[in-house]
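Between the sequences and the hints, there should be enough to build the whole structure, so can you do that?
Going by full-length UniProt numbering, the first residue of the sequence shown is number 1, and it counts up by one from there.
Each computed EDC-like pair below joins lysine to aspartate or glutamate, with the alpha-carbon atoms no more than 20 angstroms apart:
no., residue 1, residue 2
1, Lys-263, Asp-41
2, Lys-367, Glu-29
3, Lys-85, Asp-73
4, Lys-174, Glu-366
5, Lys-3, Glu-86
6, Lys-144, Asp-159
7, Lys-30, Glu-366
8, Lys-207, Asp-322
Pair ranges (Cβ atoms, derived):
no., residue 1, residue 2, range
9, Asp-247, Tyr-108, 41 to 47 angstroms
10, Asn-265, Asp-303, 27 to 33 angstroms
11, Pro-111, Ala-75, 22 to 28 angstroms
12, Ala-46, Lys-131, 32 to 38 angstroms
13, Leu-317, Gln-216, 14 to 20 angstroms
14, Thr-186, Lys-30, 20 to 26 angstroms
15, Asp-303, Gln-253, 27 to 33 angstroms
16, Asn-173, Ala-46, 35 to 41 angstroms
17, Pro-111, Pro-337, 57 to 63 angstroms
No lab work stands behind these hints, which were simulated from the structure alone.
In this text, a Cβ means the ideal position worked out from N, Cα and C, and glycines have one as well.
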Amino acid sequence: MTKNSVLILANDSKSILNFRWSLIEQCQEKGWPVTIVCNKDDHYSALQNKASHPSITVLPLDFVNGGINPLEDLALIFKIRRLYKELKPSHVLLYRIKPVLYGAIAAYGLPLNIISTITGLGYVYTDQSFKASLLRLITNMLYKLALRRNAWAFFQNADDQQTLVNLKLTTFNKSSVVGGSGVVLTDFPETPLPKSLSFVMVARLLKDKGVWEYLQAAANLKKIYPEVDFKLIGGESSNPSAIVLTDVENFCQTNNLSYLGYKNNVLETLQESSVFVLPSYREGMPRAGLEALSVGRPIITTDTQGCHDLIRGNGLLVPIRDTAALQQAMQQLIDQPELLPQMAKNSRYLAETVFDVKLVNAAMLEKLAF
1 MTKNSVLILA
11 NDSKSILNFR
21 WSLIEQCQEK
31 GWPVTIVCNK
41 DDHYSALQNK
51 ASHPSITVLP
61 LDFVNGGINP
71 LEDLALIFKI
81 RRLYKELKPS
91 HVLLYRIKPV
101 LYGAIAAYGL
111 PLNIISTITG
121 LGYVYTDQSF
131 KASLLRLITN
141 MLYKLALRRN
151 AWAFFQNADD
161 QQTLVNLKLT
171 TFNKSSVVGG
181 SGVVLTDFPE
191 TPLPKSLSFV
201 MVARLLKDKG
211 VWEYLQAAAN
221 LKKIYPEVDF
231 KLIGGESSNP
241 SAIVLTDVEN
251 FCQTNNLSYL
261 GYKNNVLETL
271 QESSVFVLPS
281 YREGMPRAGL
291 EALSVGRPII
301 TTDTQGCHDL
311 IRGNGLLVPI
321 RDTAALQQAM
331 QQLIDQPELL
341 PQMAKNSRYL
351 AETVFDVKLV
361 NAAMLEKLAF
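Structure representation (structure tokens):
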């Protein structure tokens with residue numbers, strides 16, 4: 001075993017590039033070799049190119065995202081275990097649900113410090129269908145086995161931590177809450193509010209994100225305030241609650257709303273928008289919300305896990321699945337634009353004091369140094 005060597009296991013390369021690169025750089029500065037193991041997906045080559053330093057290694061491992069297939073998942077556990085034995089890291093950082101579950105189970109009997117980052121509990125814990133209930137039962141059993149092997153677990157919001165503590169799957173003395181993946185404040189600088197009022201939602205096209213609630217509220221308000229722009233950014237998804245892209249395109253075209261498709265960088269659109277809206281049913285910690293805070297944008301979001309953490313005197317909370325309440329909140333900020341400047345200042349302050357990536361990384365580095 002090499003002292004203070006880190007293996008990061010994730011199911012996609014994009015999340016490493018977007019959310020964990022500053023942590024990797026800080027590990028490198030401390031002289032800790034880092035091995036990144038992830039899917040060989042569309043962003044894998046970009047990750048390889050960025051990992052040019054000799055102390056950073058990128059290796060492929062196939063993850064089948066979504067659902068549970070016993071044979072495939074058992075084979076994945078054995079592949080991960082072989083990697084552990086071959087690479088002999090001192091610490092393993094697990095990121096996203098399948099790496100958290102199977103990466104920890106694969107470590108039983110091996111001298112590894114396992115640290116998990118639980119980015120959210122997902123649709124399995126929001127959907128009430130029979131399929132989701134069955135998956136929830138299986139997932140709870142896997143969490144119990146996995147988190148028992150953890151040295152530490154990071155949650156992105158206190159509600160998710162409390163949920164798993166209540167289920168006796170983890171404890172408060174083996175877990176803590178950090179500010180999501182954090183946001184690099186310099187990448188999303190505080191920007192004055194634009195002169196023209198507009199709203200923007202940034203999310204994958206999922207029912208659970210509240211996309212239809214936003215679009216319906218926006219369509220209703222567009223009839224009253226034709227001068228106000230209502231924008232939506234987001235791409236398709238393979239998630240069970242995915243919305244058909246053409247349905248969104250047709251609805252936006254019919255109601256004169258702005259669907260901007262998927263964008264890799266939303267900074268310019270956030271700067272051009274007045275208010276950020278996210279009526280999601282549940283989140284870990286919404287990345288786009290953190291970016292909106294950093295730019296200094298008032299927030300309208302739902303009073304639910306991961307979302308209500310974005311509000312501290314800088315916006316409005318509405319119930320989930322409530323189009324009328326969402327429309328009322330949006331209309332309030334249209335009718336009372338004098339509220340926006342102070343909300344904008346409060347958003348930036350929240351980004352600086354709670355969600356700065358430097359604060360998040362410091363908490364994680366403390367456990368990686370143990």
